[in-house]
Amino acid sequence: MNRFWNTRKFSLSNADGLCATLNEISQNDEILVVQPSFVPVLNSLLTFQELTQSTPVRKIALLDDMLSDDLSGTLSNVPQMDLIFLIDVRTSLRLPSQLVDAAHKCDLSPLHIIYCQWKNSFQNTSKNSVHQQRDGYALNVKRSHFPNVIESQLTELKSEYILYPWDLLPFPQIDDNVLLTHSLYNMENVNMYYPELRSLQSATESILIDNIVNSLRSLIFETNSIITNVVSIGNLSKKCSHLLKERIDEQQTEEDLFIKGTLYGERTNCGLEMDLIILERNLDPITPLLTQLTYAGILDDLYEFNSGIKIMEKDMNFNYKEDEIWNELKFLNFGSVGPQLNKLAKELQIQYDMRHKAESVHEIKEFVDSLGSLQQRQVYLKNHTTLSSDVLKVVETEEYGSFNKILELELEILMGNTLNNDIEDIVLELQYEYEVDQKKVLRLICLLSICKNSLREKDYEDLRTLMIDSWGIERCFQLESLAMLGFFTNKTGKADLDIAKSKPTRLQKEYRYISQWLNTVPIEDEHATNKATNQKDEFAEATFAYSGVVPLTMRLVQMLYDRSTLFHNYSSQQPFILSREPKVSQTHDLIEQLYGDSDVIEESKWVPEAVTKKINASIKSNKRHSIDGSNGTTQAEEDIALVVFLGGVTMGEIAILKHLQRRLSKKGIVKRFIIIADGLVNGDRVMKSIS
Amino acid sequence: MKNPSFDWERLKDVFYRNRTIGELKWPAQYEDFRCALSLTVIAVEIQDFIQIYNYFGQLLGKINLRKIHEDVVKFEFNKDEKLILVTKNSIKIVNNISPLTIETVTLEESIIDTIWDYHNGIMLLNKSRDIYKLNENKWELLYENKDRKYNLLTKNHWSCNNDIIILLDVDHVYEVSTLNGTLLKLIADSSWHKVTISSRGFICLYNMKYNKLQIFKDPARILMEHDLDSTPDDICWCGNDTVACSFEDEIKLYGPDGLYVTFWYPFTVANLRAEIDGLKVITTEKIYFLSRVQPQTSSIFRIGSTEPGAMLVDSFSLLEDHAPKAIEILKNFVLEKGVLDCIVAAIDEFEPKLQKMLLNAASFGKASLQYKSFDANIFVDACNTIKLLNCFRSFGLFLTAEQHKSITLKGVIDRLLMYHKYYECVQICRLANKRSLLGYVFTEWAKDKIKENPDMEDDELLEKIKSRLNDIGVMDTIQMVTIAKIAYFEGRFQLSRSLALLEKNEEAKIEQLLDLDDNSLALKECIKLQNPSLTVSLLIALSKKLTNSQLTKLLTIDMFNDPLYLYYMRMDKAYLYDFYRQTDRFIDLAHVLLQQGKEKQSLHSFLPQIKDLYSKIQNSEMVSNSIEQLQRQEKLWIYQESLGKRFGITFTNMTLDQTLSKLIETGQDKQVKEIVKKFKVNEKKLYHLKCRTLVEAKKFDQLLQFSQSKKSPIGYMPFYTYLKSRGHIKEAAPYVSMISGLSYQKKKKLYMDCKSFRDAIQLAGKEKDIPGLKEIYNNIPSNEPELKAFANETMSRI
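Chains as they are written, first to last, in this note's numbering: chain A, 599 to 1289; chain B, 1322 to 2119.
Worth double-checking, as some hints may not be accurate.
[As the list claims (entries may be wrong)] Facing chain B, from chain A, some residues (calculated, C-beta under 10 Å):
#, residue
1, Phe744
2, Val747
3, Thr753
[As the list claims (entries may be wrong)] Computed cross-link-like contacts, BS3-like style, restricted to lysine-lysine with a CA-CA straight-line distance of at most 25 Å:
#, chain 1, residue 1, chain 2, residue 2
4, B, Lys2076, A, Lys991
5, B, Lys1768, B, Lys1787
6, A, Lys1056, B, Lys2001
7, B, Lys1825, A, Lys843
8, B, Lys1768, B, Lys1400
9, A, Lys1056, B, Lys2005
10, A, Lys836, B, Lys1845
11, B, Lys1998, A, Lys1056
12, A, Lys837, B, Lys1849
13, B, Lys1825, A, Lys858
14, B, Lys2005, B, Lys2031
15, B, Lys1894, A, Lys1286
16, B, Lys1845, B, Lys1787
17, A, Lys1050, A, Lys1107
18, B, Lys2067, A, Lys991
19, B, Lys2045, A, Lys991
20, A, Lys836, B, Lys1849
21, A, Lys1037, B, Lys1983
22, B, Lys2001, A, Lys1089
23, B, Lys1742, B, Lys1772
24, B, Lys2005, A, Lys1037
25, B, Lys1409, B, Lys1388
26, B, Lys1742, B, Lys1403
27, B, Lys2070, A, Lys1003
28, A, Lys1037, B, Lys1921
29, B, Lys2001, B, Lys1966
30, B, Lys1403, B, Lys1383
31, A, Lys858, A, Lys837
32, B, Lys1845, A, Lys837
33, B, Lys1937, A, Lys1089
34, B, Lys1921, A, Lys1286
35, B, Lys1845, A, Lys843
36, A, Lys837, B, Lys1825
37, B, Lys1865, A, Lys703
Quick caveat, the hints were computed from the structure, so don't treat them as lab data. For glycine and all other residues, C-beta sits at the position ideal for the given N, C-alpha and C.
Kindly generate the complete structure, drawing on both the sequences and the hints.
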């Protein structure tokens, strides 16, 4: 099963799909008009050069307000060009108004529209027809076709149109094991998890879930995977896993059931496993509010990656497939980036120096051959050195001295050291003395409120007035939104919220308890001793991505496989210490403490349960080894665990999960975490979307 | 066992055989009756009825001709085995026997002529002999016999297959293509009296005068010519390459070179029907199937055959008694060919005994083959086919493997469905393991069930259908929607709705419900699917169908907690506004206004409205908090206005802090105090603000004065930092001494940072810190010898 999860192939198949469609549409030269919000994604799939080489596309235009004017000009100059629109309305559900305008003004007929959809959306029908063709008959009945969202909106237009679906799969942009679906933000850049218009929340959530579920399904079908164990934490996550199950079962044929039955049935169990863990942002609202300390995280905080993992200000391409240096550095603590860069530079130098030693013609040739890649490497190294020195400047200079202050404050808040009466002073100090950005101040206040599980009445009032006084009355509504989402609450308001009918999952405990139970703020000296004993491994505890804090999400995931933390810190009554399968048994108590509802966590098995437990257990206890045919070495086979984040993932969490993967494999649980998220978040994005 | 080859006849190198299908059981006592044959059934006209029998003589259905009110000129079966009744003005396609559903294709009114003859989709007019083709139940003129190019004397003078029509004119032979209607003179100046065309396009002409047969595909190359001894009763193709003529009680098959074989029958031959692989012979008592013997079969059963198949059968028959010999035989021929031959021969046999024997032999031979050298699927498929064919025969469908292949399983099912043989269909589907077909059968069954039982209650019908559905247990190919449509046409709306709800294909279900005008139900079902894009497209469809208020009602009732449509309409603020107003959701309404205000950059003007909306809500802490803030804001605006009037500066859109800063900047201390009092501004905040404003305005004196006026509640560190961060390091130095609780080292650093070396030196001197002084000394720029001297002096003093 593992070998099918070659995620790089997903990018290729996406790109190929587009090229095939474009080639199919016409042989004339084409102008591709792309919806602006989709451009970064398109760019990271294939470059303009690749596009022009493999398709008749000659020009790319943006589907914005200027378009219709531009078009009439271009079209009159070059009459032979075909116009093709590329839109993505998976989250927006609404055609871009510019498309309609353009169609009206330029009198395009027929209108060629390529739209994105998750692969396999309509697999059911096509599969059937193939099946029937094989049998030599077709039940010649007209499948009723209900117009899809795009068609039903296009019918208002008079002109003719042809729609081409483009099947997409989530594809890796940051790392091989991180797939983003880009469904967190819609066309207007509204966060679907925290929408701007509060009242639309349930709608946007359902759209978000629909997208995630479809993308997961597309992945599962593409790779022919069978999910065995599922754990979902959070109400929305539960909804998501139920819907996914429903949709997968819907398309299951007898054959699939048979395969499942034989692989996991009563008698036999092949021991193959694939986990699906679904988490949502509300489980851990704290992490995105913290300052990220990994290289990628800091870059995201300071410059913000767009959906193509590019930074606007710096014209740099963070392509992990080509840029090895980026690949090595991205998940390191920024503190280790410098030494690492130094090391890399030295290595590069050594490689360059090789030429002096080269004596035979053969050696010289070898060197010359590698020259291209060395030079490329040098360019990347230079880029990253410049970039990290820029970052360092920002972080260290007195002008922005706030960076360290904020870090300090965050840690203090998390450790529960802040005294109540200090709050306002601290905020004032930050605001005026350190001249910290509004968003950051707000972020810290939210962090405080969450960690304290709502503020005291007076503090709440004071902070509120203070913020409105300094930043204007609009903030009143932002604060209201934050309150609704549980980011900034007072004691009574919080109680109000809890009564609400459809309450989303929310932290219900003060952070000091959480940190105690889950050991999220590991004690410094323990950390130090670990470090001493373990020279090579950077950090024993996963505190490197944030200032001394282990993200809650990581602890939750860890809890499913490894209970040692809980054993030491929460209760010594644990059903297991290590488990290959993700298990939630005896966590309900903890979960109820955290979220006020023990049903928030749910475990299920999607394959027939093996009856013969004993045999099963014996298989499981043996570490399975697969023999690699090529060189005969044995290596522990890794299970795939899909970790789904609803509402976005932070760069730091990605790094931490990588770390967890390494830790677990050291303990003999070899997993490959594939992170599937709807988008990236960090503190700024969260604050921006709630306004 | 009797060797089946005993009654074979040999024509050149091909054997032919004649096998009994069954007894003739339908009424044949009438002297003169018309009948039509199809592959599986026979239609007989008896008095006023057309009765349809299968080959077992079971009556499948009758059609009362009186109900048709027209004289039936002719009837025959089309290729889907639907009965076609030809009257003078129309042809009627019988789609269903009971209840009788007839589709009539009448001649166009403009044609003042009647139908002369019809066969296989081709129709000739009585007077003009124009040729028409039936195309999707419409007449299509194929060839117009304008100038009487040809004349056909009897109905035997023309024939057609799917590709061509042969017309026997008095003088010439013409060919018309059914594809485009081009007329071609095939043979000039030759006259014939009967024509039959084989399915492969061989043409057989018969001349009554010379009693002569001629067979060709291409007139330039006559394949065969025969002079007959007597006039044949009928001429028909046996298979697609041999011509058979019937003479009273015998049938002759003609081969090349004047060869022929004769089959004698104990009874008079009444009728013939050409099948693709043989000939059905209907005598007055029995029905026979005359066909060529497959080469595999003949190689096995031919007397004295030493072909692999025959050897294998031999070996198998010896197995029980003389095993060593049997094994010995196995070594002497190509075993694989033997196995394959036996399999093919088994499929071709009708007799279960023979089938079994041949399959046993094949299985025995297969087991002796090398591992994996033989694809066992061939054997399994053959077994399945034989099982199916035997099953068909038990249901009265007499099909050979070839015929089955040509009509496919679906064809068989369709034929059975025509006569409501659902049970048999289900059996066949189960046997063939075709679940998708099972769904089809179910769909057809349910449709008929609804149509046939007009008296049953909706609930009863639904229960019946549901219970059957449970028995079947497949949903994939069942089209509930089509059943629902039938129910709808029958006027059963409730049933139609309930059936539509059972549909598995979501889109179809929604569409059907929408068609039924059951908007609310459609919407509910759609929401259940949790597919937002489908829901939105349904809502768009609904929005076109319904008035705005109807839609709003629907949304509030069925989608109360699901604002999907509003999400879709999010750009249309006016719509959102209306919707929220109608549904009394004031807070949401306020938020829409807020967004609008933000977009138009004039939040100011929207706020009073928002406040009003907020104040309609009671018992919410959050709202009352917001109202408080809004009131405070209003107060601020009023105050700002009064200030604005007083100072002639506009304060609009300024926050409280900005207003304060402005006042501090302009030195209006009195107003500052007033604001602080009025709005209860925190003293610390005031200090920060004032401090910053003064620094920014470069009013350093005032700042110093301010700092000394009263002990600062925020300490003096901010003073220092403000000054320093804005580059006024000279001015920052004095504040260092004011900062309380600083260690010496820190103070020294602060002095150093703002390059106030003198202070630093003094400080260090006080602390008697020689290394510190040295450090300071090193940092002093070279153009300040005075300071260096001072440092030295301090150092020497210690």
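Verification of the hints:
1. Phe744: Cβ of Phe744 (chain A) sits 4 Å from chain B, so the hint holds.
2. Val747: Nearest chain B Cβ about 5 Å off; hint holds.
3. Thr753: 8 Å, holds
4. B:Lys2076 / A:Lys991: 22 Å, holds
5. B:Lys1768 / B:Lys1787: 13 Å, holds
6. A:Lys1056 / B:Lys2001: 14 Å, holds
7. B:Lys1825 / A:Lys843: Judged against 25 Å, a Cα distance of about 16 Å means the pair holds.
8. B:Lys1768 / B:Lys1400: Distance of about 23 Å is within 25 Å: holds.
9. A:Lys1056 / B:Lys2005: Satisfied, since the Cα-Cα distance of roughly 17 Å is no more than 25 Å.
10. A:Lys836 / B:Lys1845: 22 Å, holds
11. B:Lys1998 / A:Lys1056: Holds. Lys1998 (chain B) to Lys1056 (chain A) sits at ~19 Å (cutoff 25 Å).
12. A:Lys837 / B:Lys1849: 12 Å, holds
13. B:Lys1825 / A:Lys858: 23 Å, holds
14. B:Lys2005 / B:Lys2031: 12 Å, holds
15. B:Lys1894 / A:Lys1286: Within the cut-off at roughly 21 Å; holds.
16. B:Lys1845 / B:Lys1787: Status holds; Cα separation ~22 Å.
17. A:Lys1050 / A:Lys1107: 8 Å, holds
18. B:Lys2067 / A:Lys991: 23 Å, holds
19. B:Lys2045 / A:Lys991: Holds, at roughly 18 Å.
20. A:Lys836 / B:Lys1849: 16 Å, holds
21. A:Lys1037 / B:Lys1983: With a Cα-Cα distance of about 24 Å, the restraint between Lys1037 (chain A) and Lys1983 (chain B) holds, given a limit of 25 Å.
22. B:Lys2001 / A:Lys1089: The given pair, whose Cα atoms are some 23 Å apart, holds under the 25 Å limit.
23. B:Lys1742 / B:Lys1772: 16 Å, holds
24. B:Lys2005 / A:Lys1037: 22 Å, holds
25. B:Lys1409 / B:Lys1388: 16 Å, holds
26. B:Lys1742 / B:Lys1403: Given pair Lys1742 (chain B), Lys1403 (chain B) holds - Cα atoms ~15 Å apart, limit 25 Å.
27. B:Lys2070 / A:Lys1003: Cα-Cα ~18 Å, so holds.
28. A:Lys1037 / B:Lys1921: With a Cα-Cα distance of about 23 Å, the restraint between Lys1037 (chain A) and Lys1921 (chain B) holds, given a limit of 25 Å.
29. B:Lys2001 / B:Lys1966: 23 Å, holds
30. B:Lys1403 / B:Lys1383: Judged against 25 Å, a Cα distance of about 13 Å means the pair holds.
31. A:Lys858 / A:Lys837: Holds, at about 24 Å.
32. B:Lys1845 / A:Lys837: 18 Å, holds
33. B:Lys1937 / A:Lys1089: Holds, at roughly 24 Å.
34. B:Lys1921 / A:Lys1286: 19 Å, holds
35. B:Lys1845 / A:Lys843: The hint holds at about 21 Å.
36. A:Lys837 / B:Lys1825: 21 Å, holds
37. B:Lys1865 / A:Lys703: It holds: about 24 Å lies between the C-alpha atoms, which stays within 25 Å.
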